[in-house]
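Student: One line per chain: the protein sequences are A and B, in this order. Residue numbers for the first sequence follow my numbering, beginning at 1 and rising by one. Residue numbers for the second sequence follow my numbering, beginning at 450 and rising by one.
Note that these hints are calculated values from the structure, not bench results. One should not assume that every hint holds.
Claimed, not checked - Calculated pairs, EDC-like style, for lysine to aspartate or glutamate (alpha carbon to alpha carbon, straight line, at most 20 Å): (1) K263(A) with D484(B); (2) K712(B) with D688(B); (3) K115(A) with E201(A); (4) K263(A) with D355(A); (5) K712(B) with D35(A); (6) K564(B) with D484(B).
As the list claims (entries may be wrong) - Okay, the calculated beta carbon distance ranges per label pair: (7) T161(A) with R687(B): 47 to 53 Å; (8) Q695(B) with D54(A): 44 to 50 Å; (9) I61(A) with A635(B): 57 to 63 Å; (10) D512(B) with A126(A): 35 to 41 Å; (11) Q246(A) with A896(B): 28 to 34 Å; (12) A880(B) with A449(A): 47 to 53 Å; (13) A896(B) with D369(A): 47 to 53 Å; (14) A828(B) with E181(A): 41 to 47 Å; (15) G516(B) with P122(A): 40 to 46 Å; (16) E648(B) with Q246(A): 32 to 38 Å; (17) E648(B) with A126(A): 48 to 54 Å; (18) D512(B) with L279(A): 38 to 44 Å; (19) A896(B) with A66(A): 42 to 48 Å; (20) T161(A) with A880(B): 55 to 61 Å.
What the hints assert, rightly or not - To give a feel for the contact side, a few chain A residues facing chain B, derived at Cβ under 8 Å: (21) L31; (22) T41; (23) G144; (24) I145; (25) E153; (26) L155; (27) A157; (28) G297; (29) V299; (30) Y305; (31) G307; (32) A314; (33) A316; (34) S317; (35) A332; (36) T432.
For each residue, glycine too, the CB sits at the ideal point set by N, CA and C.
Number of protein chains: 2
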Amino acid sequence: MSTSPSSSSRECGVAVLGFGTVGAGVVETLLHNGDLLAARTGVRPVLRGIADLDTTTDRHIPDLPAGLLTTDSPALLARPDVHIVVELIGGTGIARRLVEQALALGKPVVTANKKLLAEAGPELYALAEANHTQLYFEASVGGGIPILKALREGLAANHITSIYGILNGTCNYILTRMEQEALPFATVLASAQQLGYAEAEPSLDIDGLDTAHKAAVLATLAYGAPAPLAQIPVQGIRDISPLDIQSARSLGYRIKLLAILRKGPRGIEASVQPTLLPLDHTLAAVSGVFNAVQVEGDVVGTTLYYGRGAGRAATASAVCADIADAALDLLAGAPRHPRSPAASAETPLPFAPPDLITARHYLRFNLHDVPGSFARVAACLANHDIGLESIIQNETPDDAPSAAPGYVPVSVTTQPAPAGALDLALAEIGATPDLVQPPITRFRIEALA
Amino acid sequence: MSTSPSSSSRECGVAVLGFGTVGAGVVETLLHNGDLLAARTGVRPVLRGIADLDTTTDRHIPDLPAGLLTTDSPALLARPDVHIVVELIGGTGIARRLVEQALALGKPVVTANKKLLAEAGPELYALAEANHTQLYFEASVGGGIPILKALREGLAANHITSIYGILNGTCNYILTRMEQEALPFATVLASAQQLGYAEAEPSLDIDGLDTAHKAAVLATLAYGAPAPLAQIPVQGIRDISPLDIQSARSLGYRIKLLAILRKGPRGIEASVQPTLLPLDHTLAAVSGVFNAVQVEGDVVGTTLYYGRGAGRAATASAVCADIADAALDLLAGAPRHPRSPAASAETPLPFAPPDLITARHYLRFNLHDVPGSFARVAACLANHDIGLESIIQNETPDDAPSAAPGYVPVSVTTQPAPAGALDLALAEIGATPDLVQPPITRFRIEALA
Numbered sequence: 001m002s003t004s005p006s007s008s009s010r011e012c013g014v015a016v017l018g019f020g021t022v023g024a025g026v027v028e029t030l031l032h033n034g035d036l037l038a039a040r041t042g043v044r045p046v047l048r049g050i051a052d053l054d055t056t057t058d059r060h061i062p063d064l065p066a067g068l069l070t071t072d073s074p075a076l077l078a079r080p081d082v083h084i085v086v087e088l089i090g091g092t093g094i095a096r097r098l099v100e101q102a103l104a105l106g107k108p109v110v111t112a113n114k115k116l117l118a119e120a121g122p123e124l125y126a127l128a129e130a131n132h133t134q135l136y137f138e139a140s141v142g143g144g145i146p147i148l149k150a151l152r153e154g155l156a157a158n159h160i161t162s163i164y165g166i167l168n169g170t171c172n173y174i175l176t177r178m179e180q181e182a183l184p185f186a187t188v189l190a191s192a193q194q195l196g197y198a199e200a201e202p203s204l205d206i207d208g209l210d211t212a213h214k215a216a217v218l219a220t221l222a223y224g225a226p227a228p229l230a231q232i233p234v235q236g237i238r239d240i241s242p243l244d245i246q247s248a249r250s251l252g253y254r255i256k257l258l259a260i261l262r263k264g265p266r267g268i269e270a271s272v273q274p275t276l277l278p279l280d281h282t283l284a285a286v287s288g289v290f291n292a293v294q295v296e297g298d299v300v301g302t303t304l305y306y307g308r309g310a311g312r313a314a315t316a317s318a319v320c321a322d323i324a325d326a327a328l329d330l331l332a333g334a335p336r337h338p339r340s341p342a343a344s345a346e347t348p349l350p351f352a353p354p355d356l357i358t359a360r361h362y363l364r365f366n367l368h369d370v371p372g373s374f375a376r377v378a379a380c381l382a383n384h385d386i387g388l389e390s391i392i393q394n395e396t397p398d399d400a401p402s403a404a405p406g407y408v409p410v411s412v413t414t415q416p417a418p419a420g421a422l423d424l425a426l427a428e429i430g431a432t433p434d435l436v437q438p439p440i441t442r443f444r445i446e447a448l449a
Numbered sequence: 450m451s452t453s454p455s456s457s458s459r460e461c462g463v464a465v466l467g468f469g470t471v472g473a474g475v476v477e478t479l480l481h482n483g484d485l486l487a488a489r490t491g492v493r494p495v496l497r498g499i500a501d502l503d504t505t506t507d508r509h510i511p512d513l514p515a516g517l518l519t520t521d522s523p524a525l526l527a528r529p530d531v532h533i534v535v536e537l538i539g540g541t542g543i544a545r546r547l548v549e550q551a552l553a554l555g556k557p558v559v560t561a562n563k564k565l566l567a568e569a570g571p572e573l574y575a576l577a578e579a580n581h582t583q584l585y586f587e588a589s590v591g592g593g594i595p596i597l598k599a600l601r602e603g604l605a606a607n608h609i610t611s612i613y614g615i616l617n618g619t620c621n622y623i624l625t626r627m628e629q630e631a632l633p634f635a636t637v638l639a640s641a642q643q644l645g646y647a648e649a650e651p652s653l654d655i656d657g658l659d660t661a662h663k664a665a666v667l668a669t670l671a672y673g674a675p676a677p678l679a680q681i682p683v684q685g686i687r688d689i690s691p692l693d694i695q696s697a698r699s700l701g702y703r704i705k706l707l708a709i710l711r712k713g714p715r716g717i718e719a720s721v722q723p724t725l726l727p728l729d730h731t732l733a734a735v736s737g738v739f740n741a742v743q744v745e746g747d748v749v750g751t752t753l754y755y756g757r758g759a760g761r762a763a764t765a766s767a768v769c770a771d772i773a774d775a776a777l778d779l780l781a782g783a784p785r786h787p788r789s790p791a792a793s794a795e796t797p798l799p800f801a802p803p804d805l806i807t808a809r810h811y812l813r814f815n816l817h818d819v820p821g822s823f824a825r826v827a828a829c830l831a832n833h834d835i836g837l838e839s840i841i842q843n844e845t846p847d848d849a850p851s852a853a854p855g856y857v858p859v860s861v862t863t864q865p866a867p868a869g870a871l872d873l874a875l876a877e878i879g880a881t882p883d884l885v886q887p888p889i890t891r892f893r894i895e896a897l898a
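One chain only, chain A, in its complex shape (with noise of 0.2 Å):
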C-alpha cells in the first residue's frame, strides 16, 4: 500500500491542514513529544507539512522548522510521503472536499470536526471503507478526555444503556459563573467573550447544536445509528435565568447543558437540553470550562469520564492520540477497531420519536399576580396529566419587565411525563390570559444515582 510507513525506519508522515489553535497545538505536541509517541508506539510521526491560507501569523512555536508552512492543502495532502492527513480546518465547506480528497486516495484522516461528522458522518465513512482507510475523531467529543476509545473499545463488552453529558465548554463556564456569581446570561455570556471563553458569534455553543453534533458522534458509537440531527431535539442555555438557578438549588439542583443519550422502550431518546441534576451527583460537580461523559454499560454499570473539553493543548492531545493510532493501524495493515457505525452494535437501534420521551420537568412561569392564575395553570397540567412535584412561588424579581409590574414567577417540578404531553399542556396555559411574556421557562430533570 502506498500510504504504508516504511517498516525499516517506521516513521509515519503527517499533514496538518489548518494552522489554527488546534492546529498550532498538535504540531507543538509532534515536535516537542514525538520522542514520546515514537517510544510508546513503535512508530514515529514525522511533520511534513502544515497548510493554512495564513501562512505569516506567529504561531508561538519557537522551534517550528522553516520550510514546512504552505498554502496548498490538495498537494501537501497527495504528497507520497504524506501518510496520515490531520484536518484541523473546520466546518463542512473546505474542509470535506479536503477530507474526501484525503479518504479517496487511502490515506487516513484524524479530525476533530464534530459538526463534519455530525452532518456527513455516514458518507464519510462509507467513502473510507470503500478506500480500505479509516476516519480517527476522539478530539471530535469530549476534547483531551478519551471518551471514544473508552466507548468504543473500553466498554466494548456492553450495551450502552445511557450516556448524560457536559459536551460544550463555553455553556458549562456561563452557567458556573451565572451561578457563582448570580449574574444573568447576558453579562456573563458578554464577559466570557471577552475572556475568549466564548466566540463572537456564539450560537453555536450556546444554543446547544455544537453539544448536539457531539451527541450524534455518541449515539453513532454507542448503539450504530446514523443520527441525522434533525432527531435530536436541542434546546440550549439562553432562557437559564438566576431565577431558575437559585429555584433549582433550592430544590437541590444545578442546572447543567446535558446531551443526553438513552435506551428506551421505543428506541434511542436522545435530546439537549438544559437539565437539574442532584447538587451531590458527580456531573453537577464539573464547572467551568471541563467537560464530563457519565456512560452506564449493562455489564460495567456507571463510568465517568472528565478533563477539558477544548482549548488548544487538550484538543492536540486526543489528535495525537488518533494520530497514533492511525499510525498503529498503517503498519499493521488494517484497523483494529473499525470506525464505521456499523462495526458498534449488533443491529443499529431506532431513535424513538421526541414526543414520546419521558422525563421529569421543572418549569418557570410568570404569571399575572391575580386570584387563581396558579390554579388555571395547574389545571392546564392536570388535562394532560402531568402531576407535580412541588411548587416555588417567587418574589417579583428585580428585573421584571416594567409593563408587567405585577407579575409572579412560580417554579414547579413535575412527575415523569411524555414530552408531547408537555408540548400540549404549556400551549393551553400559553393560551390562557395568566401569562406574562416571555415565554414558560422549561428544562428537563434528571435524578441521577
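Knowing the structure of chain A, use the given hints to seat chain B on it.
Tutor: For chain B alone, kept in the frame of chain A given last:
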C-alpha cells in the same frame, strides 16, 4: 502461528481459568454479550472451557453449556483451539505457573491479577515478549474503568505528570461509612465483612497493599519503571479515627486512601497513604465502593476516570475488553500497543527516595493535659524546619484510654516538608514525656485544584 484464530470464521477460542466471582462474570458476559463483541470487533470470542478445582458449586449461569467445566487447567490452556487464556485464579502460586505455561506456548494471557503483576511483572513481560505474545491486564486496576487503556493509548502523547487514585473499594466503602455514620473503624470493618464488602482476612485491602499493587502497575505504564513494591511506602486506613475525619472536615478536607505517583525532581514519587483532599474536589466526592483515578498529562492537563473498582460484572467488563483486544491483536498478527513497560516511556524514570517526598501533612498527637506539652511538641517540629499551618485542640474523646484520662488530642497541619524530616521530628516527639499512646497519627494533605 498455531494460536491464530481461523481467519475465515473469525472465531477466537477462550479458556477461563478460575470460576470464582470474576470468572463467573466473564463467562456470563461472553455468553450474553458475545454477539455484541463479535459485531464491534469482527472476531467472536468462543468459550472453549472453564477450569476450576470446584466444578460443582452453582454459579447461577442458567444457560451455561454442558461440558465446559474441567479441573485440568494445564490441559485446557494447551488445547490447540484455545487461543486466549484468561487467568482469574488470583495469587502468585498456581496462577503464576499457568500464566507462564500459556505465555511459553505463545498464547496471550488476560489477567486481573495485580498481585502477580506487582510481584512478577517484569519476568512475565519478558516471557511474553520472548514468545511473541502479550499479557493484558486492564482489569487489574480500577475494575471496570478503562484506565490503563486511557493511560497507554488515549494519553499516548502525554508525559504523565501525576496520578492520584482511589483504587480500593473496600477502603473507600469503610471510610465513607465512618464519615456518614460517625462510627469507629473496627465497627464499620466488622459490618463490611458481614455484608461482603470486606474479606474475612481484610489486611490486603485495609493495610494498603492492594492499592500499592495497583500503584505499581500504574507506575509501570506511566513511567516505564519496573516498580518493586519495596519502593512504594504504604500506610493503610486502620489508624483513621472518627476524630481525624471530623478534624479534617473542620479544616475543609475529607480523608481518602490515595495512591499517589508524581514526577518529582528526583524521580517518581510514589506512595500509598491516607490523604486529606479538599471537600470540593472530585476525588473527595467518590463514595462507597467506587474507584476513581485522576491523571495529569503535560499536554491534556487534568483528566479523571470513575467507576466500580471491583465486583463480578465490572471486572468482567474489563476482562472482556482485553479479550477483544487480544483477539484483534491475534488477527492482526501483532500487538498494537506493546504491553512491555520498556515501551511506555522514552527512558524509564527512577523512583525518588521516599524520605525526600515533600508534602503537607496532617498530624494528631494525644498529649498529656499538662501545661507546655504542645509547646514542646511544636519545638520538635521546628527543630526539623517543619512549619505549622493550623492547630485544632479537640476535646478528650469518649473512648480515651482509661489509663490516661487526662489526655488531649491535638491535630495540626504542616507546611510542606520532606517525609524524612517528619520521621525525625516524630521520633523526637515520641521521646518526650508528653505523648500518650497510641502513636502519632500522620496523614498526607493534597490541595488538588
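Student: Against this structure, judge whether each hint is valid.
Tutor: Checked hints:
1. Between K263(A) and D484(B) the alpha-carbon distance is near 18 Å, which keeps this suggested pair within the 20 Å criterion.
2. Distance hint between K712(B) and D688(B) is unfulfilled; the C-alpha atoms sit about 28 Å from each other, more than 20 Å.
3. Distance restraint check for K115(A) and E201(A): the Cα-Cα separation of roughly 16 Å lies within the 20 Å cut-off, and the hinted pair is therefore satisfied.
4. The straight-line distance between the Cα atoms of K263(A) and D355(A) is roughly 15 Å, inside the 20 Å bound, and the hint therefore holds.
5. Taken as a hint, the K712(B) and D35(A) pair is honoured in the structure, with Cα atoms around 18 Å apart against an allowance of 20 Å.
6. For the hint linking K564(B) to D484(B), the alpha-carbon distance of about 32 Å lies beyond 20 Å, and the restraint is violated.
7. Taken as a hint, the range 47 to 53 Å is violated for the pair T161(A) and R687(B), whose Cβ atoms sit roughly 38 Å apart.
8. At roughly 59 Å, the beta carbons of Q695(B) and D54(A) sit outside the given window of 44 to 50 Å.
9. Hint check: I61(A) to A635(B), Cβ distance near 59 Å, so the stated range 57 to 63 Å holds.
10. The beta-carbon spacing between D512(B) and A126(A), approximately 37 Å, falls within the hinted interval of 35 to 41 Å.
11. Evaluation of the 28 to 34 Å hint for Q246(A) and A896(B) yields a pass: the beta carbon distance comes to about 30 Å.
12. As the Cβ distance of A880(B) to A449(A) is approximately 51 Å, the hint placing it in 47 to 53 Å holds.
13. Remark: the range hint 47 to 53 Å for A896(B) to D369(A) is upheld by a beta-carbon distance near 49 Å.
14. At about 46 Å, the beta-carbon gap between A828(B) and E181(A) stays in the expected band of 41 to 47 Å.
15. Checked against the hint of 40 to 46 Å, the pair G516(B) and P122(A) passes, with Cβ atoms roughly 44 Å apart.
16. Against the hinted window of 32 to 38 Å, the Cβ-Cβ separation of E648(B) and Q246(A) comes to about 47 Å, which falls outside the hint.
17. Taking 48 to 54 Å as the suggested C-beta distance range, the pair E648(B) and A126(A) conforms, at roughly 53 Å.
18. A beta carbon spacing of about 43 Å between D512(B) and L279(A) agrees with the range 38 to 44 Å that was offered as a hint.
19. Roughly 44 Å separates the CB atoms of A896(B) and A66(A), a value that falls within the hinted 42 to 48 Å.
20. The hint said 55 to 61 Å for the Cβ distance between T161(A) and A880(B), and at roughly 59 Å that hint holds.
21. With a cut of 8 Å, the hint placing L31(A) at the interface with chain B is violated, because the nearest CB-to-CB distance is about 11 Å.
22. Residue-level restraint check for T41(A) holds (minimum Cβ-Cβ distance to chain B is 7 Å; threshold 8 Å).
23. Satisfaction of the interface hint for G144(A) is found here, the shortest Cβ-Cβ separation to chain B being roughly 4 Å, below the 8 Å cut-off.
24. Proximity of I145(A) to chain B holds as hinted, the smallest CB-CB distance being about 6 Å (cut-off 8 Å).
25. Because the beta carbon of E153(A) sits about 6 Å from the nearest beta carbon in chain B, less than 8 Å, this interface hint is met.
26. Look at L155(A): its Cβ gets to within about 7 Å of chain B, closer than 8 Å, so that hint holds up.
27. Interface hint at A157(A): satisfied, since its Cβ lies 3 Å from the closest Cβ of chain B, which is below the 8 Å cut-off.
28. With a cut of 8 Å, the hint placing G297(A) at the interface with chain B holds, because the nearest CB-to-CB distance is about 6 Å.
29. A hinted interface residue such as V299(A) counts as satisfied when its beta carbon comes closer than 8 Å to some beta carbon of chain B; here the least separation is about 4 Å, so the hint holds.
30. The interface hint given for Y305(A) is met, as the beta carbon of that residue sits about 6 Å from the closest beta carbon of chain B, less than 8 Å.
31. Residue-level restraint check for G307(A) holds (minimum Cβ-Cβ distance to chain B is 4 Å; threshold 8 Å).
32. At a threshold of 8 Å, the smallest CB-CB gap from A314(A) to chain B is about 5 Å, leaving the interface hint in force.
33. About 6 Å separates the beta-carbon of A316(A) from the nearest beta-carbon of chain B, less than 8 Å, and the hint is met.
34. With a least beta-carbon distance of about 4 Å to chain B, the hint placing S317(A) at the interface is held under the 8 Å criterion.
35. The interface hint given for A332(A) holds, since its Cβ lies 4 Å from the closest Cβ of chain B, which is under the 8 Å cut-off.
36. For T432(A), the suggested interface contact is broken, since its CB lies about 43 Å from the closest CB of chain B, more than 8 Å.
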